[in-house]
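Undergrad: Residue-level listing of the chains:
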Amino acid sequence: MNLVTIKSTRSNLLISTLLASLLGLLSLQSAAFDLKGALKDAVEKELAPKPESTQANANKDGNTTTNQPAFNWKNPSKEEEIALGREIAGNLLGAAPLVKDAALQKYVNSVGRWVASQSERPDLPWRFGVIESDDLNAFAAPGGYIMLTKGLYRKLSNEAQLAGVLGHEIAHIVEKHQLRVLQKQQLLNIGAGFLSDKYAKDNQLVSKAIGSGAEISARSLDKTAEYEADRLGLSYATRAGYEPYGLADVLQTIGQTNKEDNSIALLFKTHPHPDERLAALSDAAGIRLDAVKEGKTLENRFYQLKK
Amino acid sequence: MKPKFLTLKQIFITACCISILYAPLSAIAETGSALKNDNLRAEPYADAKLAGDLSRGESLEIIKKQGAWLQVKTKKNTGWVRLLSVKRGAASSSNQTSGALAVASGRAGTGQVVSTTGVRGLSEQELKAAKFNEAEIKTLESYTLSAEQGKQFAKAGNLETINFANLTSSESTAK
Ligand SMILES: [Zn+2]
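Going down the list, the protein sequences come from chains A and B.
Just so you know, my numbering puts 998 at position 253 of the first sequence, and the rest follows in order with no gaps.
Just so you know, my numbering puts 156 at position 88 of the second sequence, and the rest follows in order with no gaps.
Derived by calculation from the structure, the hints in this document are not laboratory data.
In this text the structure is predicted, and so the values were computed from the model without any measurement.
We put the beta carbon where it would ideally sit given N, CA and C, even for glycine.
Take these hints with a grain of salt, some might be off.
[Unchecked claim] Pairwise CB distance ranges (calculated):
hint	chain 1	residue 1	chain 2	residue 2	range
1	B	S210	A	S822	22 to 30 Å
2	B	T146	A	E1044	27 to 35 Å
3	B	E202	A	I1032	47 to 55 Å
4	A	A1036	B	A203	42 to 50 Å
5	A	R866	B	K206	19 to 27 Å
6	B	N105	A	R899	33 to 41 Å
7	A	K921	B	G120	43 to 51 Å
8	A	A847	B	A224	15 to 23 Å
9	A	A848	B	Y113	23 to 31 Å
10	B	G125	A	D868	41 to 49 Å
11	A	K968	B	S191	35 to 43 Å
12	A	Q1049	B	N105	38 to 46 Å
13	B	A110	A	K1014	42 to 50 Å
14	B	N145	A	R925	42 to 50 Å
[Said to hold, decoys possible] Straight line, CA to CA, 20 Å or less: simulated SDA-like cross-link-like pairs of lysine to any residue:
hint	chain 1	residue 1	chain 2	residue 2
15	A	K1014	B	S210
16	A	K845	B	S210
17	B	K117	A	K1014
18	B	K206	A	E1039
19	B	K219	A	E1039
20	B	K206	A	P842
21	B	K117	B	G157
22	B	K223	A	L849
23	A	K1041	B	T212
24	A	K968	B	S210
25	A	K851	B	Q217
26	A	K1014	B	A224
27	B	K223	A	T1042
28	B	K223	A	E1039
29	A	K851	B	T212
30	B	K196	A	E1039
31	A	K845	B	K223
Excised from the complex, chain B in its bound form (with noise of 0.2 Å):
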């Protein structure tokens, strides 16, 4: 019985460190914030009528997710959003916070100890000190696939191609 208490007050003590931890977040919801200033709206749809404004760097909750659109819910307002306008996880400004959770759930420092176990890594250091591997690069080669095994492949997936200009970054002032 003893273990098993220490092992439930252990798991109490947990608990509360992450629940003060959470405290201004909710607990239950994924939280976000925006990644640009955009309007939400009543649907998930771009003509659907507006339901309120993001602007960046705001925090949200997520509640849903349809499509390419999250319904979000602010201080003020809960709406539609575009899934590209929404960083999932805790503001980003808020590093302390983010330094202090990873302290509580034992991941602080595991790069640390990663490092130093002989796991391999591609450092600066390693990447500098490697040789050529003629045998490695061979294999590689050796699994080259033609455009045509490619397109195989695809079609197994039912992919189909569409016509979708590359993106350019002047469309980036236009919102």
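Looking at chain A on its own, in the form it has when it is part of the complex (with noise of 0.2 Å):
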């Protein structure tokens, strides 16, 4: 349910990040104010077929992933958009690891999968796991990765509910809500040439992007993009056979639970109220689910966590 971008400390940028990011701020504001087209100019310009640097790079180091070319924020192909969700994941599995439980990841990834081949965007390597937190939240990461807190499992009880959750996430994913985001976001600071040096002197393209993405670490995506999601999370999860319901009874769980509860402290502030995104799916649904009937909840097989 979260576009997590997560500082990444493991090069040793970090100080260039910092410094990034705290410039990444400043161009953000600079686009608030007056200087939106001139920043706009800037983007255009750095996006040219161009930079000495990037190239001047690819030529002087001649180590091993220079043969990488530089990522293309502007129209990111698969291969970089799944690139990008792997760093983010990958970070987002250094703060939680996986449940070790291979019985679980394997039935979330059976459930996942199938629901994503529901999906606008069947072909990615959809990939799902739980990870080790007694948080309630999910999160995905552009490329089709995929996680929710064995915290959130926990509140489930059946398929059709784990099915409406990932069918949210997977729905960020396929309408590249997150990637979105940190494209507008890098192409500014592209754009204020603030990036650009940085990007020449490492190949390590993405990670870098990541990193200098991190001022906007565990950021909101807009309420529309939030509702968007539930609906079409709905729809994935009711095309693959299950009750549509799912998602909705997950929403009237998390709606009761206590807000003061650090547990679901970042859910709330990412998203919408449960209240508000339960009374945006009634109305979306309407009338229309009266014409499904045989959806399947599936509580007979659904996994049980191990103490």
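Two chains, two frames, some hints: make the complex.
TA: As structure tokens, then:
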């Protein structure tokens, strides 16, 4: 349910990353005032086939990964999208590792893969994981990486609910919600000229991109993106043969969690309140679900967590 | 006997508190509220005859569930309404009540306790401090299934795809 953009501290770019972050914020603020046009021009200019910097880098360094072309922020390929998501997901796993239960992970991948096959991007290498955290949350990163917390999994009682939660995250990836936020940020940074030098000195383009996107860590998407993900998530799970109310069930449960509880703090910060989401989903569904009669909940095969 | 007496007394006091807090609500049925303006029906079908209406935010009692319909009781009427028209639990406007209930049940503030006892969390701070974990991401990727494997799993659960166009926001205005 989140955009997670995690500061990559593994490179030795910490300082430059911080600098880039600060500058990134500046550039955003500038854009909010009167420099918008100028920045746009700068973006165009930077994106024009050029920079001596990038090319010089490739020639000079000549080490292992220099054959990697510069990350195309304007129009990333599927491979670039996956590489970016891998970096974000790897960082998230650094904060909370996978639950060491292969049967659980296999089960979640089975449900997720089947739901993703009903989406508009069945061809991505979809992968799903349950992570060690008592928080209630789920995360999507570009290119098909989806994780949910053990705390959230524990709140589920059937497969249709799991399908609904995963459907919401799948929708974020299908609609490239997070990717677009990162793209916008990077293009502004590049356009403002703040990042081009740094880019020239590092061939780990992707990890750098995440690093410099760190100032928006755990950032919210706009509300319309969340409502859209709810509508699509419900639709995918329904097409997959599940009872359509799984996601709504989970929203009902989350809505009754004490707001003061830290386990839900980040979810509440990054998403509209579950009551609002339920109301929006209800409005969007109208009478459409009347025709869905045979949906399954499959609580009998829902994988039970080991204690 | 004495400890037992104390226990009973505690239970009694707790019960009193809870019943006072619940006083305006029914102690038996699950409560809820209307998520939108909607019609109540005499039976759980879209074309059943009208049995009243609901207005957004109105509190109600949930009597039972049948398929995608809930039988609910409002101040004025009893009837059936679509599942998605109802939010379960106390009406969201009564923040004070839910706060008091949380105190009574000892749930208030547990989040604070959790956060200071070293239980893993995913706060913004922790996310920012996270380091890339190559081994874990490889493990995650090792679970990747093919579309065909997903299909087999669905088949094992007798899941069958249906035609259902994506919900859109434009339907929201048509009631
Ligand atoms: Zn979301």
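Undergrad: Could you run down the list of hints and mark each one as holding or not?
TA: The hints, checked one at a time:
{"no.": "1", "hint": "S210(B) - S822(A): 22 to 30 Å", "in the structure": "holds, 24 Å"}
{"no.": "2", "hint": "T146(B) - E1044(A): 27 to 35 Å", "in the structure": "holds, 29 Å"}
{"no.": "3", "hint": "E202(B) - I1032(A): 47 to 55 Å", "in the structure": "holds, 50 Å"}
{"no.": "4", "hint": "A1036(A) - A203(B): 42 to 50 Å", "in the structure": "holds, 47 Å"}
{"no.": "5", "hint": "R866(A) - K206(B): 19 to 27 Å", "in the structure": "holds, 23 Å"}
{"no.": "6", "hint": "N105(B) - R899(A): 33 to 41 Å", "in the structure": "holds, 35 Å"}
{"no.": "7", "hint": "K921(A) - G120(B): 43 to 51 Å", "in the structure": "holds, 45 Å"}
{"no.": "8", "hint": "A847(A) - A224(B): 15 to 23 Å", "in the structure": "holds, 18 Å"}
{"no.": "9", "hint": "A848(A) - Y113(B): 23 to 31 Å", "in the structure": "violated, 41 Å"}
{"no.": "10", "hint": "G125(B) - D868(A): 41 to 49 Å", "in the structure": "holds, 44 Å"}
{"no.": "11", "hint": "K968(A) - S191(B): 35 to 43 Å", "in the structure": "violated, 22 Å"}
{"no.": "12", "hint": "Q1049(A) - N105(B): 38 to 46 Å", "in the structure": "holds, 40 Å"}
{"no.": "13", "hint": "A110(B) - K1014(A): 42 to 50 Å", "in the structure": "holds, 43 Å"}
{"no.": "14", "hint": "N145(B) - R925(A): 42 to 50 Å", "in the structure": "holds, 47 Å"}
{"no.": "15", "hint": "K1014(A) - S210(B)", "in the structure": "violated, 32 Å"}
{"no.": "16", "hint": "K845(A) - S210(B)", "in the structure": "holds, 13 Å"}
{"no.": "17", "hint": "K117(B) - K1014(A)", "in the structure": "violated, 43 Å"}
{"no.": "18", "hint": "K206(B) - E1039(A)", "in the structure": "violated, 38 Å"}
{"no.": "19", "hint": "K219(B) - E1039(A)", "in the structure": "holds, 18 Å"}
{"no.": "20", "hint": "K206(B) - P842(A)", "in the structure": "holds, 12 Å"}
{"no.": "21", "hint": "K117(B) - G157(B)", "in the structure": "violated, 27 Å"}
{"no.": "22", "hint": "K223(B) - L849(A)", "in the structure": "holds, 19 Å"}
{"no.": "23", "hint": "K1041(A) - T212(B)", "in the structure": "violated, 24 Å"}
{"no.": "24", "hint": "K968(A) - S210(B)", "in the structure": "violated, 34 Å"}
{"no.": "25", "hint": "K851(A) - Q217(B)", "in the structure": "holds, 11 Å"}
{"no.": "26", "hint": "K1014(A) - A224(B)", "in the structure": "violated, 39 Å"}
{"no.": "27", "hint": "K223(B) - T1042(A)", "in the structure": "holds, 14 Å"}
{"no.": "28", "hint": "K223(B) - E1039(A)", "in the structure": "holds, 15 Å"}
{"no.": "29", "hint": "K851(A) - T212(B)", "in the structure": "holds, 8 Å"}
{"no.": "30", "hint": "K196(B) - E1039(A)", "in the structure": "violated, 44 Å"}
{"no.": "31", "hint": "K845(A) - K223(B)", "in the structure": "violated, 27 Å"}
When held up to the earlier numbered hints, the structure conflicts with 9, 11, 15, 17, 18, 21, 23, 24, 26, 30 and 31 and fits the remainder.
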